[in-house]
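Here the protein sequences line up with chains H and E, keeping their order.
Note that the first sequence covers residues 1 to 108 in our numbering.
Note that the second sequence covers residues 109 to 504 in our numbering.
The set of hints was computed from the structure by calculation and includes no laboratory data.
Errors might be hidden in some of the hints.
Here are the simulated DMTMM-like pairs of lysine to aspartate or glutamate, each with C-alpha atoms no more than 20 Å apart in a straight line [to be verified]:
id, chain 1, residue 1, chain 2, residue 2
1, H, 72, H, 87
2, H, 75, H, 41
3, H, 6, E, 503
4, E, 483, E, 453
5, H, 6, E, 453
6, H, 72, E, 324
7, H, 72, H, 22
8, H, 91, H, 66
9, E, 421, E, 453
10, H, 72, H, 3
11, E, 483, E, 335
12, H, 6, E, 370
Note that the coordinates shown come from a computational prediction; the quantities given were computed from them, not determined experimentally.
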Amino acid sequence: MFEIPKDRAVPFGCVTAAPVGEQPMMITGNWREYRPVLDQEKCNLCMNCVAFCPDACWQLDGAEEEVVWNAKYCKGCLICVNECSTDALSKAYELDFPDGVVRLEKPF
Amino acid sequence: MAKELLLSGCAAAAQAVKMARVDVICSYPIRPYTAAMMELAKMVNNGELDAEFVHGEGEHAQLAVVYGASAAGARVFTGSSGVGVTYAFENYSPISGGRLPVQMMIADRALDPPGDFGSEHTDAMSARDQGWIMGWAETPQEAFDNHLINYRIGEDRRVMLPQFVCQDGYFVSHIPGKVKIPDQAQVDEFLPPYAPGTHVLDPQQPCSHGPQIRPDQGAIMDLQRGEAFLNLPPVIEEVIDGYNRIMGRSYSPWVEEFMTGDAEIAFFLQGAHAATARHAIRHLRDQGVKAGLVKLRFVRPWPARQVAESLSKFKAVGVIETSTSYGGSMRGGNLLAEVRASLYDLPERPLTTSFMAGLGGDVIPLQEFYWMAQKLADAAKAGRVEKTVYWAGLEH
Chain H
1 MFEIPKDRAV
11 PFGCVTAAPV
21 GEQPMMITGN
31 WREYRPVLDQ
41 EKCNLCMNCV
51 AFCPDACWQL
61 DGAEEEVVWN
71 AKYCKGCLIC
81 VNECSTDALS
91 KAYELDFPDG
101 VVRLEKPF
Chain E
109 MAKELLLSGC
119 AAAAQAVKMA
129 RVDVICSYPI
139 RPYTAAMMEL
149 AKMVNNGELD
159 AEFVHGEGEH
169 AQLAVVYGAS
179 AAGARVFTGS
189 SGVGVTYAFE
199 NYSPISGGRL
209 PVQMMIADRA
219 LDPPGDFGSE
229 HTDAMSARDQ
239 GWIMGWAETP
249 QEAFDNHLIN
259 YRIGEDRRVM
269 LPQFVCQDGY
279 FVSHIPGKVK
289 IPDQAQVDEF
299 LPPYAPGTHV
309 LDPQQPCSHG
319 PQIRPDQGAI
329 MDLQRGEAFL
339 NLPPVIEEVI
349 DGYNRIMGRS
359 YSPWVEEFMT
369 GDAEIAFFLQ
379 GAHAATARHA
389 IRHLRDQGVK
399 AGLVKLRFVR
409 PWPARQVAES
419 LSKFKAVGVI
429 ETSTSYGGSM
439 RGGNLLAEVR
449 ASLYDLPERP
459 LTTSFMAGLG
469 GDVIPLQEFY
479 WMAQKLADAA
489 KAGRVEKTVY
499 WAGLEH
């Protein structure tokens with residue numbers, strides 16, 4: 001008989017319980033080549049990044065004082081950098097960070 | 109009361125779908141299949157059939173509509189022909205991967221080069237590897253029966269797979285034949301209401317259909333469908349056995365033979381041209397040629413063991429392709445490649461070759477059957493085949 005490794009199992013018909021908040025079955029942050037970097041000094045909370053991010057990776061924090069970035073799902077499309085109204089966002093090469101995703105032992 | 113009607117293949121399909129009590133139908137016109145939707149639209153309009161009838165924007169939309177409806181737990185029906193079948197192609201794999209027992213009728217039609225209305229199996233055969241059950245009907249009666257049989261197979265909890273229920277365009281779809289229509293009670297006994305199980309959309313328990321998965325899970329998904337097909341044969345045999353018993357039919361699940369008892373040569377094919385083949389074989393028999401016919405009922409799942417058992421008793425077998433696979437190993441169609449693969453492990457194999465015939469809507473006249481029989485007789489006598497493919501009617 002076939003043996004399916006537990007960490008690779010797929011539910012019947014690939015029908016999954018609807019994710020609440022985040023989808024742990026599909027982490028896409030490791031697709032990134034560049035990441036957006038926020039300069040808090042320049043940010044005026046215009047919320048363009050929150051509105052334009054296709055993956056909802058920019059969110060207001062609990063205190064509603066700053067926007068925070070979700071590294072797990074940001075694919076590095078840089079739409080937020082383009083849309084930032086105060087040039088508070090800039091792009092930086094992923095490899096320049098100690099936690100750069102290409103250094104993960106397992107790419108997926 | 110059970111009754112007998114004179115129906116085209118399209119009308120017979122519509123009758124079966126009505127008696128299957130489908131919940132959602134999605135149409136888009138393209139001939140020749142479209143006559144089935146015209147019948148169903150009338151049935152919904154005059155209150156004979158209580159179903160949602162959705163007119164799609166195109167074939168891709170048709171399949172998307174029934175994909176969603178099936179995911180919500182409905183018994184669904186859609187259909188198409190020719191380039192409509194290919195336009196919808198993207199949705200076939202997600203539906204089988206999602207294990208949704210969608211039923212799609214295909215009244216086949218030649219694909220456009222640049223435009224041809226005639227029957228040819230290439231449209232459906234191009235989709236044979238998408239994880240759907242697939243088989244052809246020879247007559248309106250067989251079309252009627254296959255629609256009911258396929259719902260029952262596809263919706264079995266051990267299976268949960270979509271089905272292409274195919275019939276030859278025009279030869280079956282538009283030529284009326286006698287169709288025995290069972291009582292609704294018989295159909296209800298054979299085909300209980302669809303019980304979709306746990307993987308359906310439910311507002312109380314939200315779930316995602318067709319989510320993105322990781323590449324290392326892709327193989328697992330493929331294995332799920334692969335296992336479903338491995339488990340299919342006994343279910344198909346059981347369902348057809350039940351159908352024969354309840355409806356008083358005598359279908360063989362895999363291959364049907366005609367005059368094969370003492371036959372030395374045989375034609376192997378699927379679909380409508382089997383009718384002409386039977387006539388040709390009767391005439392050939394009158395002239396002392398020991399010819400027979402083996403008709404395939406399911407091309408997916410391919411019944412390798414039964415094909416090998418059936419064909420091993422002949423000296424030479426001619427596979428009539430009715431579809432094209434340009435550049436393939438047999439230089440003609442796909443069926444001969446499948447047939448030869450099925451025979452490979454036998455200690456003694458019959459000689460096999462193929463005939464490109466019935467393409468683009470061409471009839472296969474008796475003369476061509478006689479010509480093919482001669483080629484097979486020559487091969488049997490010489491103990492070898494000249495080549496793997498002949499274009500019937502187009503070469504000497």
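**Report entry** Pairwise hint evaluation, residue 41(H) against residue 75(H), where the allowed Cα distance is 20 Å at most
**Finding:** Violated, at roughly 25 Å.
Report task. Starting from residue 6(H), check that the Cα of residue 370(E) is at most 20 Å away, please. Result -> Measuring from Cα to Cα gives roughly 55 Å; hence the hint is violated.
Query raised in the report: Does residue 3(H) lie within 20 Å of residue 72(H) when you go C-alpha to C-alpha?
Result: Violated: residue 72(H) and residue 3(H) sit about 30 Å apart, past 20 Å.
**Report entry** Pair hint outcome, residue 421(E) versus residue 453(E) [Cα-Cα no greater than 20 Å]
**Finding:** Holds, because 15 Å separates the two Cα atoms, which is no more than 20 Å.
Query raised in the report: Is the hinted pair residue 91(H) and residue 66(H) satisfied, with a Cα-Cα distance of at most 20 Å?
Result: 19 Å, holds
Query raised in the report: Within 20 Å, alpha carbon to alpha carbon, are residue 72(H) and residue 324(E)?
Result: 18 Å, holds
Query - Given pair status - residue 453(E), residue 6(H), alpha carbons within 20 Å - result: With a Cα-Cα distance of about 36 Å, the restraint between residue 6(H) and residue 453(E) is violated, given a limit of 20 Å.
Query raised in the report: Regarding the pair residue 72(H) and residue 87(H), is the alpha-carbon distance no greater than 20 Å?
Result: Not satisfied, since the Cα-Cα distance of roughly 23 Å exceeds 20 Å.
Query raised in the report: Taken at face value, is the distance from the CA of residue 22(H) to the CA of residue 72(H) at most 20 Å?
Result: 10 Å, holds
Query raised in the report: residue 6(H) and residue 503(E): Cα distance at most 20 Å?
Result: 58 Å, violated
Query raised in the report: Within a Cα-Cα threshold of 20 Å, do residue 483(E) and residue 335(E) meet the stated pairing?
Result: Roughly 40 Å separates the two Cα atoms, so the pair is violated.
Query raised in the report: Would the pair residue 483(E) and residue 453(E) pass a check requiring their Cα atoms to be no farther apart than 20 Å?
Result: 25 Å, violated
Against the hints set out earlier in the document, violations occur for numbers 1, 2, 3, 4, 5, 10, 11, 12.
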